Structures are given as structure tokens and as C-alpha cells.
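These protein sequence lines map, in sequence, to chains A and B.
Just so you know, we're using our numbering here: the first sequence kicks off at 649 and counts up by one.
Just so you know, we're using our numbering here: the second sequence kicks off at 352 and counts up by one.
Please note that the accuracy of each hint is not assured.
So the derived label-pair ranges between C-beta atoms look like this [unchecked claim]:
no.	chain 1	residue 1	chain 2	residue 2	range
1	A	Val675	B	Gly865	28 to 36 angstroms
2	A	Ser653	B	Ser467	32 to 40 angstroms
3	B	Gln551	A	Ile717	40 to 48 angstroms
4	B	Val748	A	Asp660	34 to 42 angstroms
5	B	Gly391	A	Asp734	20 to 28 angstroms
6	B	Gln551	A	Asp660	24 to 32 angstroms
Derived from the structure by calculation, the hints contain no laboratory data.
Predicted model, so just to flag it, every value in this text is computed and none were measured.
Ideal Cβ positions, reconstructed from N, Cα and C, are used throughout, including at glycine.
Here's the letter readout for the chains.
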Amino acid sequence: MSQQSEHQERRDAYWNANKRIMFGCLVVWFIVSFGFGIVLAEPLDNIQLFGYPLGFWFAQQGSIYTFLILIFFYAWRMNKLDREHDVHEE
Amino acid sequence: MDNLQLLTYIVVGFTFVLYIGIAVWSRAHTTGDFYVAGKGVHPIANGMATAADWMSAASFISMAGLIAFLGYDGSVYLMGWTGGYVLLALLLAPYLRKYGKFTVPSFIADRYYSKSARVVAVICLIFISFTYVAGQMRGVGIVFSRFLEVEILTGLLVGMGVVFIYAVLGGMKGITYTQVAQYCVLIFAYTVPAVFISIQLTGNPFPQLGLGSTVVGSESMYLLEKLDLVVQDLGFGAYTDGSKAMIDVAAITLALMVGTAGLPHVIVRFFTVPKVSDARKSAGWALLFIALLYTTAPAVGAMARLNLIETIWPGEVAESQPLAYEERPEWFRTWENTGLLDFTDKNGDGMIQYYNDANPEFAPTAEAKGWEGNELMVDRDIMVLANPEIANLPNWVIALVAAGGIAAALSTAAGLLLVISSAVSHDLVKNIFAPNMSDRGELLTGRIAAAVAICVAGYLGYNPPGFVAQVVAFAFGLAAASLFPAIIMGIFSTRINREGAIAGMLTGLIFTFGYILYFKGIFITPLAENIPANWLFGISPEGIGVVGMLLNFGVAFTVSRFTAAPPVHIRELIEDIRVPRGAGGAEAH
Chain A
649 MSQQSEHQER RDAYWNANKR IMFGCLVVWF IVSFGFGIVL AEPLDNIQLF GYPLGFWFAQ
709 QGSIYTFLIL IFFYAWRMNK LDREHDVHEE
Chain B
352 MDNLQLLTYI VVGFTFVLYI GIAVWSRAHT TGDFYVAGKG VHPIANGMAT AADWMSAASF
412 ISMAGLIAFL GYDGSVYLMG WTGGYVLLAL LLAPYLRKYG KFTVPSFIAD RYYSKSARVV
472 AVICLIFISF TYVAGQMRGV GIVFSRFLEV EILTGLLVGM GVVFIYAVLG GMKGITYTQV
532 AQYCVLIFAY TVPAVFISIQ LTGNPFPQLG LGSTVVGSES MYLLEKLDLV VQDLGFGAYT
592 DGSKAMIDVA AITLALMVGT AGLPHVIVRF FTVPKVSDAR KSAGWALLFI ALLYTTAPAV
652 GAMARLNLIE TIWPGEVAES QPLAYEERPE WFRTWENTGL LDFTDKNGDG MIQYYNDANP
712 EFAPTAEAKG WEGNELMVDR DIMVLANPEI ANLPNWVIAL VAAGGIAAAL STAAGLLLVI
772 SSAVSHDLVK NIFAPNMSDR GELLTGRIAA AVAICVAGYL GYNPPGFVAQ VVAFAFGLAA
832 ASLFPAIIMG IFSTRINREG AIAGMLTGLI FTFGYILYFK GIFITPLAEN IPANWLFGIS
892 PEGIGVVGML LNFGVAFTVS RFTAAPPVHI RELIEDIRVP RGAGGAEAH
């Protein structure tokens with residue numbers, strides 16, 4: 649029984665670590681799109697990024713670039729986590 | 352037949368030969384090949400296929416035009432249709448790949464240990480996919496009829512024939528590799544005109560940077576600044592400002608994001624890669640290939656809008672005289688014939704007054720100049736379709752745009768038809784009506800279902816029911832309110848049970864369906880006028896899927912609390928899909 653509960657503990661540790669990484673990524677996802685691109689778009693528009701008002705840039709360009717970085721970061725970080733917890737695929 | 356038409360026939364014909372060739376080379380031998388391409392697709396190839404699958408006729412033909420006329424408000428489509436991939440990669444794709452079955456309803460049926468849940472999921476899936484596919488077939492017909500000047504029906508039949516060959520013969524395997532080719536055709540066709548136009552207007556070959564650059568011939572005037580000025584001179588709102596309420600913008604964006612992550616034909620693409628880690632990576636590749644088009648589209652929209660206004664107002668905008676109708680350029684005549692451009696000389700002066708006649712503050716200015724209403728009707732689709740002609744690009748670019756539009760429509764149609772056929776053959780026939788069917792029997796059933804689905808889609812494309820224009824609201828809203836929450840809760844909660852999931856899906860589905868029906872009146876007359884004052888919390892029917900999703904979550908949690916917890920083997924199933932190790936190859940039930 650103790651071996652089984654240890655196994656369960658390891659699984660929980662992996663799952664909790666995964667949830668933390670996921671949550672962090674989702675916070676960034678939310679801030680760039682709903683934060684910078686929508687709610688804060690108007691004040692940010694007073695700042696210029698070359699010819700772009702910054703809020704407009706986040707809504708039509710910046711959020712998409714951030715999404716891309718987020719997914720590749722998550723994939724890389726999870727591969728690392730899988731190995732650390734020895735649950736990676738062969 | 353003139354030179355351009357001949358060229359278009361050659362380019363489109365060449366792409367068709369390519370698609371059929373790929374289908375013959377990669378035809379399916381087993382149900383595993385047919386449903387999930389034998390789970391052997393490289394993550395980059397899968398990313399391209401997902402991108403082609405995802406980017407429909409609407410993305411290719413209509414989106415840039417929508418943005419051109421909506422300005423900032425068009426951002427909902429850009430963020431909504433890309434942000435969903437973050438949800439897919441983080442919350443869905445790796446777990447569903449680990450689970451390792453063929454279809455979305457299969458996951459819902461197993462996780463909620465219920466045939467009723469399977470049937471509810473199949474109903475959601477079929478409804479979402481058919482509304483979507485009707486629009487695609489229509490898109491194929493329209494591209495054919497405009498560029499090749501054949502009847503819509505002929506265009507539709509040719510399109511159906513090509514999809515029939517590679518979807519029925521090749522199944523998921525044929526579709527996947529054809530989609531890779533279709534992606535290359537469509538992205539090339541989209542970016543080439545965009546690059547040329549960006550160079551013409553800003554001198555920068557990258558449209559994404561051109562949109563933030565100064566215009567040619569000026570050191571200090573930025574393109575967006577200039578666009579803001581000229582549209583305001585014509586009585587429109589500033590291009591970089593929005594006019595929608597913030598809550599509605601946020602709701603639509605979220606509904607499109609969640610809807611994207613809940614669309615069965617997108618989810619199923621992540622069943623085709625060999626490993627869980629590939630599923631995560633593949634979502635990134637898919638978004639990279641999608642982003643190439645989605646970051647170009649806002650540049651195409653803004654630049655096409657500026658080009659259009661400068662064509663109509665060759666001098667100082669709204670101050671000097673606009674273009675005389677007699678002096679209209681060649682492309683103007685061509686597109687007038689299609690009805691996408693329409694000039695009515697309201698004040699009889701022979702000039703094209705293009706401005707915003709719906710703005711009461713601008714009315715006195717217009718009246719003082721003797722304008723009696725906007726005289727030019729511009730269909731938004733023209734912004735992409737006529738773009739190469741407006742910019743005086745060579746004929747081969749125009750032919751390429753035709754091939755790209757067809758590729759975008761066909762690739763999405765094929766992906767949708769496949770999920771419909773697998774839901775019918777695998778979820779309904781194999782798992783409910785004829786459990787003893789052999790693999791070969793199931794493969795044959797899948798092919799027949801695909802063939803029937805193509806005919807229904809073709810019929811819907813030729814006789815579009817009144818609701819085709821509302822498809823976006825419907826398909827995304829329903830996906831967001833029904834399938835997405837059921838899948839998410841199935842992975843992240845061990846407590847949600849059969850009763851909770853079914854009650855939640857039905858609540859989300861009925862609420863969203865009812866709300867859209869109430870304002871848009873599909874089959875019936877709308878029960879209330881579709882204006883912000885009437886909306887619940889100020890959220891339009893396009894964004895209401897978000898409320899449906901929240902209701903789904905709420906009902907599912909409440910009902911699950913008061914009914915028996917899921918059995919032990921379900922708990923084990925959930926524990927198992929959360930861990931990558933042990934994802935095998937294709938397996939059937």
C-alpha cells in the first residue's frame with residue numbers, strides 16, 4: 649500500500665507542477681489579449697511603437713506573437729518537467 | 352477566353368492534379384489511417400495541415416475585408432482565432448492525444464461512462480460541422496464563378512468531386528497530406544500580393560512592419576496615421592479606435608477563442624501525431640503557420656482600405672472632387688460586373704462620392720458639398736479578391752489568389768467532412784447500433800458517411816439556408832458552450848460525473864442556441880431587435896457562447912455535487928491521461 653501511495657504522491661507532484669506552469673502561461677495569455685489589447689488599449693494607444701499606437705499593436709499583432717511564444721515555451725518547459733518527474737515518453 | 356482566364360485555369364487545374372495525386376499516394380487502408388492518419392504525422396506537417404484545416408474561405412477571402420471596414424474592432428477575429436490555440440495546447444491537445452481514441456465524442460462517452468453523453472456530443476458535433484461546411488462549399492462555388500466565369504453549380508460540383516476523391520479515398524491520411532499542399536498554396540497566394548502592396552505603399556517588404564511604417568514619399572506620416580485622417584475626413588470613425596462596447600469586444604474574443612479550442616475538426620488534428628509531446632509542439636507549429644496569415648491580414652485590410660479611398664479620391668480627400676465615374680479604372684469595371692462593387696449616382700454629377708452617410712455629425716458637411724448619400728457600395732470580400740488588380744500586379748498573382756481561395760475552402764471542408772463521417776461511422780454505427788462490425792466494415796461505413804456528407808454539404812452550399820451568414824456565431828458559440836467545457840472538466844476534475852456533464856452540455860447548448868435564435872431568428876422571425884439595448888449584459892449573439900460556457904460549468908458542478916461520484920475506473924482513466932508516458936499507437940475500442 650505504501651508503494652502505491654508514494655506513486656500517487658509523485659503523480660500529484662507532477663500534476664501540481666504542470667498546473668503551476670499552465671496557470672502562469674494563462675495569466676500572460678490573458679494580460680496581453682484582454683488586458684493590453686482590450687481593457688487597457690485606449691490608454692496604451694497614447695504610446696507609439698513606430699507607426700503603431702501600442703494598444704492597437706497588441707490587439708492586431710503583439711498578442712499573436714505572444715501566443716506563439718507561450719505555446720513553444722509551454723511545450724519546452726513541459727518536456728523538461730516530464731523528464732524531471734520521469735514520466736516522459738520513450 | 353482571355354489570357355488571365357487561361358492562366359487561372361492552368362494554376363487551379365495544376366493544384367487539383369496535385370491534391371488528387373497526393374490522395375492516391377496516401378490512401379487509407381485501416382480505420383486508424385482513415386480516422387487519425389495512423390497517428391504517424393510529423394508535428395510540423397500536422398501543424399501545416401491544422402493551419403489549412405483551420406483557415407477557411409472566411410479567413411482567406413473575408414477576414415482582411417472585415418478588418419478593413421471595422422478597423423480596431425476587427426481585432427476580435429485576430430485575437431479570438433489565434434488565442435484559442437493557447438487553450439488547445441495547454442488544456443486539451445496533450446491529454447486527448449494521451450487518451451488515444453479516434454473521436455471527440457468517444458472521449459466524452461468514456462470519461463462520462465454514458466451512451467447518452469456520446470449521443471449529445473455527436474449532435475453538437477454534427478450541428479457545428481454542418482453549419483460550418485455549408486459556408487465552405489459556398490466559398491468554393493463563388494471563387495469558381497468569379498474567377499473562371501462558370502456557373503456556381505458547376506464550380507460546386509467540381510469542388511465536391513475533388514474533395515470526394517481525396518476524402519473518401521484517403522480519409523484522414525489523404526486529407527492531412529493534401530492539406531499540407533493546400534497550406535503552401537494558400538499562404539503563398541495570400542502573402543505575395545500583400546508583400547507587393549506593402550512595398551508600393553511603405554517601401555517595406557514585410558506587411559507586418561509596413562503597417563507600422565511611414566508612407567512612401569513622406570518622412571513623418573505613418574500609414575495608420577494617414578488612414579485615420581482620411582477615414583475621418585469621410586465621416587467614418589478613426590481606424591485605430593473601436594466603436595463596440597468593451598464588454599462585447601471581450602465576450603466575442605473569448606467566445607471565438609474557446610470556440611476554436613472546442614471545434615471537433617481542430618481537436619481531432621492533434622490525435623494524428625505520434626506522441627503527447629508532439630501534440631504540444633504541433634499546436635505551436637499550427638499557430639506559427641496560422642500567424643503568418645493572421646499577422647498579414649490586418650496589413651492587407653488597412654492597406655486595401657487606403658488604396659480604395661485614394662483611388663476614389665485622387666486629390667485631397669473630401670476637399671477636391673472625387674473620381675469621375677467615366678474615368679474609373681479597369682478593375683473597377685471588372686468587379687462591377689460581379690456585383691461586388693456598385694455605383695449609384697445619387698446626386699447626378701457623374702462623380703463617385705464615397706463617404707459615411709450614416710454619421711449624423713458629418714451630414715451637414717456632406718449637404719454643404721451637395722452630396723446626397725454614399726454612392727459606392729463595396730463588398731468586403733473584394734479587399735482580398737481584387738487586391739492584386741487594384742495594385743496592378745501581374746496576372747499570375749491574380750490566378751494564384753483564385754487557387755488560394757479554393758485551397759482554403761476545400762481544406763476546411765475536407766476536415767469538417769471527415770469529423771462528420773467519423774462521428775457517424777465510429778460513434779453512432781460502431782458504438783451504438785452495430786458493435787460487432789469488423790474494421791473493414793467500419794472503414795466502408797466511414798467512406799459511405801463521408802460521401803453522403805459531401806452531397807449534403809454540396810446541397811447546402813447550392814441552396815444556402817438563410818442562416819449561412821450567422822454560421823460563425825452559431826458554430827463557435829455552440830462549440831464554446833457545449834463541447835469545450837465537457838472536455839475541460841473531464842480532464843481537470845475527477846468529481847464531475849455523468850449527470851453533471853450531460854446537464855451542463857444541454858444547458859450550454861440550449862441557452863446559446865436559444866439566445867442566437869431569439870435575436871437572429873433562424874427559421875423563425877427574430878423575437879427582439881438585435882441591438883445592444885436588448886442584449887443580456889450588453890453581449891451580442893456573437894459573444895454569448897461565453898455565458899453559455901459559464902452556465903455549463905455552473906450546472907455541471909452543481910449537479911455533480913448532489914449525485915454519485917464517478918466510479919473508480921474513471922478516476923484511473925483521468926489519472927492516466929494526465930501523464931504522458933504510455934501513449935501508444937493507434938488503437939480501436
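Do the hints match the structure? See the list:
Checked against the given bound of 28 to 36 angstroms, the beta carbons of Val675 (chain A) and Gly865 (chain B), roughly 34 angstroms apart, stay inside it. Remark: the range hint 32 to 40 angstroms for Ser653 (chain A) to Ser467 (chain B) is upheld by a beta-carbon distance near 35 angstroms. The hint said 40 to 48 angstroms for the Cβ distance between Gln551 (chain B) and Ile717 (chain A), and at roughly 31 angstroms that hint is violated. Val748 (chain B) and Asp660 (chain A) have their C-beta atoms about 57 angstroms apart, which leaves the hinted 34 to 42 angstroms range violated.
Checked against the hint of 20 to 28 angstroms, the pair Gly391 (chain B) and Asp734 (chain A) passes, with Cβ atoms roughly 26 angstroms apart. Checked against the hint of 24 to 32 angstroms, the C-beta distance between Gln551 (chain B) and Asp660 (chain A) comes to roughly 59 angstroms, which is inconsistent with it.
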